[in-house]
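In order, the protein sequence lines correspond to chains A and B.
Adding 403 to a residue's 1-based position in the first sequence gives its number in the working numbering.
Adding 865 to a residue's 1-based position in the second sequence gives its number in the working numbering.
Hint data in this document are derived by calculation from the structure and do not stem from the laboratory.
Careful, some of the hints might be misleading.
Unchecked claim - Listed below are the simulated SDA-like cross-link pairs for lysine to any residue, each with C-alpha atoms no more than 20 Å apart in a straight line:
{"#": "1", "chain 1": "B", "residue 1": "1034", "chain 2": "B", "residue 2": "871"}
{"#": "2", "chain 1": "B", "residue 1": "1034", "chain 2": "B", "residue 2": "1021"}
{"#": "3", "chain 1": "B", "residue 1": "1034", "chain 2": "B", "residue 2": "869"}
{"#": "4", "chain 1": "B", "residue 1": "1034", "chain 2": "B", "residue 2": "867"}
{"#": "5", "chain 1": "A", "residue 1": "462", "chain 2": "A", "residue 2": "675"}
{"#": "6", "chain 1": "B", "residue 1": "1034", "chain 2": "B", "residue 2": "868"}
{"#": "7", "chain 1": "B", "residue 1": "1034", "chain 2": "B", "residue 2": "964"}
{"#": "8", "chain 1": "B", "residue 1": "1034", "chain 2": "B", "residue 2": "1020"}
{"#": "9", "chain 1": "A", "residue 1": "407", "chain 2": "B", "residue 2": "958"}
{"#": "10", "chain 1": "A", "residue 1": "407", "chain 2": "B", "residue 2": "868"}
{"#": "11", "chain 1": "B", "residue 1": "1034", "chain 2": "B", "residue 2": "1023"}
{"#": "12", "chain 1": "B", "residue 1": "1034", "chain 2": "B", "residue 2": "894"}
{"#": "13", "chain 1": "A", "residue 1": "462", "chain 2": "B", "residue 2": "958"}
{"#": "14", "chain 1": "A", "residue 1": "462", "chain 2": "B", "residue 2": "895"}
{"#": "15", "chain 1": "B", "residue 1": "1034", "chain 2": "B", "residue 2": "962"}
{"#": "16", "chain 1": "B", "residue 1": "1034", "chain 2": "B", "residue 2": "866"}
{"#": "17", "chain 1": "A", "residue 1": "462", "chain 2": "A", "residue 2": "678"}
{"#": "18", "chain 1": "B", "residue 1": "1034", "chain 2": "B", "residue 2": "965"}
{"#": "19", "chain 1": "A", "residue 1": "462", "chain 2": "A", "residue 2": "676"}
{"#": "20", "chain 1": "B", "residue 1": "1034", "chain 2": "B", "residue 2": "961"}
{"#": "21", "chain 1": "A", "residue 1": "462", "chain 2": "B", "residue 2": "896"}
{"#": "22", "chain 1": "A", "residue 1": "407", "chain 2": "B", "residue 2": "959"}
{"#": "23", "chain 1": "B", "residue 1": "1034", "chain 2": "B", "residue 2": "1024"}
{"#": "24", "chain 1": "A", "residue 1": "462", "chain 2": "A", "residue 2": "531"}
{"#": "25", "chain 1": "A", "residue 1": "462", "chain 2": "A", "residue 2": "615"}
{"#": "26", "chain 1": "A", "residue 1": "462", "chain 2": "A", "residue 2": "452"}
{"#": "27", "chain 1": "A", "residue 1": "462", "chain 2": "B", "residue 2": "890"}
{"#": "28", "chain 1": "A", "residue 1": "462", "chain 2": "A", "residue 2": "446"}
{"#": "29", "chain 1": "B", "residue 1": "1034", "chain 2": "B", "residue 2": "875"}
{"#": "30", "chain 1": "A", "residue 1": "462", "chain 2": "A", "residue 2": "679"}
{"#": "31", "chain 1": "A", "residue 1": "462", "chain 2": "B", "residue 2": "955"}
{"#": "32", "chain 1": "A", "residue 1": "407", "chain 2": "B", "residue 2": "890"}
{"#": "33", "chain 1": "A", "residue 1": "462", "chain 2": "B", "residue 2": "882"}
{"#": "34", "chain 1": "A", "residue 1": "407", "chain 2": "A", "residue 2": "425"}
{"#": "35", "chain 1": "A", "residue 1": "407", "chain 2": "B", "residue 2": "866"}
{"#": "36", "chain 1": "A", "residue 1": "407", "chain 2": "B", "residue 2": "955"}
Because the structure is a prediction, the values reported are computed rather than measured.
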Amino acid sequence: MYRKQVRRRRAVLVALIVLSLILLSSHFSEADSGPLHTLQRGVATVFAPVGEVAERALKPGRDLINWFDETFAARGENEDLKAEVEKLRAEVVAAEGAENDNEQFRKLLNLSDENPGLGEYDLVTARVTQRSPSVWFSDVTIDHGSSSGIERNDAVVNGDGLVGRVTDLTPGTAQVQLITDHDNAVSGQVLPSGPTGIVEPEVGNPEDLLLDFIDNDETIQENQTVATAGWSNGTVSSAYPPGIPIGRVSQAEAGEQQQFQLVHVTPFADLRQLEYVQVLTGGPDRPGVPG
Amino acid sequence: MIVTPRIALRIALVVILAVLLQVSFFSFVSILGATPYLVPVVVVALGLLGGGVVGAVCGFAAGLLIDSLLLQTLGVSSLVLLSIGYLAGRYREGFEIRGAAVPALLAGAFTMLAAAGFAAIELMLGVDAPVSLLVVREILVQGLLGGLLGFAVYPLVRRVLAPALIDYKPSPSRLLSAGRLRRRGRRTRAVEHAAPRRRARRTPVHGGLS
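Could you build the full structure based on these sequences and the hints that come with them?
Written out as structure tokens, the structure reads:
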């Protein structure tokens, strides 16, 4: 009897491991229109409304945790005020949430005003509803999809700057790959009229990006702004339009034995605290970029 | 654990709720620079309560759901979570769990293992960008947060699955109410059957031996 149980347990374990490996390799090698991807999008579509409701319902809880985090240093308050603070806490949390939302909307408007190039695009404002718990997948899910005119490889921004690009879609949701994902690379230019390189992430550190392929003889100063280069040679082009701010140069290291210097860039957008983003849909043709 | 259809449904609900809470709440929260990882903690709790097979199946299902919801590479989370679910279950089958700290410590250790396993698989699949040493901090902090979550999650999951546990002892109030229901049921049945039985006994028997 015991042996039978052990055999059954081992069989289940082996079957599940084999199934996981089959899923992993099939999904990895399959095209985006393959059956596994389609099934995955189906599950995401079914659960999207539930996730959205849960995200909205749990927002006060998140705000509360952030509120505690922010006010952790202010413990030495007057004893008499504590009762009042207790009473006002719920109101403050709600007001802070609303104020934060307003600030983000204002920034989004400013960004599109400051970048006339973005006028050629239709901007779809969306809310971030889900995100991956792992630093290895820097993806978020937003609450607008193909039914809002969003297409694959559309650039995504927030009020501070570049956020990422759309990598997958369902009618009601879109998957945004952040610029900190290890699969992402953006052509960036050091402003004003500086050299152009490739902005890559450093996995595990969302507050640091690396601007690579900058020749050692180029002079890069701290605090210079890096923005999307948005190049095109007629057949191939960047997925990102030019002029979207990416970040600020924090450090430039010129290695003696190396051809290129390593430029560290701190992204403008706080990618850990994304709530609202704008997707740049439509716009001019981008040759070579699959839509 | 005795897995009846009703218990299987409860387990499924626990897994779905954990995944939804993870992607809609915990993934947005940053504590000490890391994201709390609830799903492995729940899988470990299920493994510790249900054994290796339950842990592995729950881990596989939770991983599949999380990968599907986030449109990630299918199979990565499943492989990691089924492994820790199985290991947690095997621990339960080999050792006795005493005290509230043991499940929490195990949840922390297995969460750390899950985060490390996830990193290892991703590195094997190929990472084009440089990897920061902060990944190690993320793994350690996630383990620490997993341990803290374990203090709350294990008793909660245990409570939800209590009727399926072999060492389950219903609370006195529950026993009392069950006993009351049983007595009431017996009394109702007695009233229902009393009259016909009495009538049957009083039925005159004509002829033969009585």
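Results of checking the hints against the structure:
1. At most 20 Å may separate the alpha-carbon atoms for a hinted pair to count; residue 1034(B) and residue 871(B) meet this at roughly 18 Å.
2. About 16 Å separates the Cα atoms of residue 1034(B) and residue 1021(B), which keeps this hinted pair within 20 Å; it holds.
3. Using a Cα cut-off of 20 Å, the hinted pair residue 1034(B) and residue 869(B) holds, with the two alpha carbons roughly 18 Å apart.
4. For a cut-off of 20 Å, the pair hint linking residue 1034(B) to residue 867(B) stands: about 14 Å separates their Cα positions.
5. Only pairs whose Cα atoms come within 20 Å are accepted, and residue 462(A) paired with residue 675(A) is accepted, the gap being roughly 15 Å.
6. Taking the CA atoms of residue 1034(B) and residue 868(B), the gap is about 17 Å. The hint holds against a cut of 20 Å.
7. Restraint check for residue 1034(B) and residue 964(B): satisfied, since their Cα atoms lie roughly 17 Å apart, inside the 20 Å limit.
8. Taking the CA atoms of residue 1034(B) and residue 1020(B), the gap is about 15 Å. The hint holds against a cut of 20 Å.
9. Only pairs whose Cα atoms come within 20 Å are accepted, and residue 407(A) paired with residue 958(B) is accepted, the gap being roughly 16 Å.
10. With a C-alpha separation of about 18 Å, the suggested pairing of residue 407(A) with residue 868(B) holds against the 20 Å cut-off.
11. Between residue 1034(B) and residue 1023(B), the direct Cα distance comes to roughly 12 Å. Compliance with the 20 Å bound is thereby established for this hinted pair.
12. Proximity of residue 1034(B) to residue 894(B) is assessed by CA-CA distance (about 38 Å); at most 20 Å being required, the pair is judged violated.
13. A hinted pair counts as satisfied when its Cα atoms are at most 20 Å apart, and residue 462(A) with residue 958(B) does not qualify at roughly 40 Å.
14. Of the supplied pair hints, the one linking residue 462(A) and residue 895(B) holds, its CA atoms being roughly 14 Å apart against a limit of 20 Å.
15. With a CA separation close to 17 Å, the supplied pair residue 1034(B) and residue 962(B) stays within the 20 Å bound.
16. Distance hint between residue 1034(B) and residue 866(B) is fulfilled; the C-alpha atoms sit about 13 Å from each other, no more than 20 Å.
17. Pair hint residue 462(A) plus residue 678(A) holds up; C-alpha atoms about 10 Å apart against a cutoff of 20 Å.
18. As the CA atoms of residue 1034(B) and residue 965(B) are separated by approximately 18 Å, the hinted pair is consistent with the 20 Å bound.
19. For a cut-off of 20 Å, the pair hint linking residue 462(A) to residue 676(A) stands: about 12 Å separates their Cα positions.
20. For a cut-off of 20 Å, the pair hint linking residue 1034(B) to residue 961(B) stands: about 18 Å separates their Cα positions.
21. For the hint linking residue 462(A) to residue 896(B), the alpha-carbon distance of about 16 Å falls within 20 Å, and the restraint holds.
22. With a C-alpha separation of about 18 Å, the suggested pair residue 407(A) and residue 959(B) falls inside the 20 Å cut-off, and the hint holds.
23. Among the hinted pairs, residue 1034(B) with residue 1024(B) is consistent with the structure: their alpha-carbon atoms are about 12 Å apart, no more than 20 Å.
24. Using a Cα cut-off of 20 Å, the hinted pair residue 462(A) and residue 531(A) holds, with the two alpha carbons roughly 11 Å apart.
25. Between residue 462(A) and residue 615(A), the direct Cα distance comes to roughly 38 Å. Violation of the 20 Å bound is thereby established for this hinted pair.
26. For the proposed pair residue 462(A) and residue 452(A), the alpha carbon gap of about 15 Å is at most 20 Å, so the pair holds.
27. Under the criterion of a C-alpha separation no larger than 20 Å, the hint pairing residue 462(A) with residue 890(B) is consistent with the structure, at around 8 Å.
28. The hinted pair formed by residue 462(A) and residue 446(A) fails the criterion: a straight-line CA distance of about 24 Å is larger than 20 Å.
29. Among the hinted pairs, residue 1034(B) with residue 875(B) is consistent with the structure: their alpha-carbon atoms are about 19 Å apart, no more than 20 Å.
30. At most 20 Å may separate the alpha-carbon atoms for a hinted pair to count; residue 462(A) and residue 679(A) meet this at roughly 13 Å.
31. The suggested pairing of residue 462(A) with residue 955(B) is violated, with an alpha-carbon distance near 38 Å, which exceeds 20 Å.
32. Distance check on the hinted pair: residue 407(A) and residue 890(B) sit about 42 Å apart at the alpha-carbon level, beyond 20 Å; violated.
33. Between residue 462(A) and residue 882(B) the alpha-carbon distance is near 16 Å, which keeps this suggested pair within the 20 Å criterion.
34. Distance restraint check for residue 407(A) and residue 425(A): the Cα-Cα separation of roughly 27 Å exceeds the 20 Å cut-off, and the hinted pair is therefore not satisfied.
35. This hinted pair checks out: residue 407(A) and residue 866(B) have alpha carbons roughly 17 Å apart, not beyond 20 Å.
36. Using a Cα cut-off of 20 Å, the hinted pair residue 407(A) and residue 955(B) holds, with the two alpha carbons roughly 16 Å apart.
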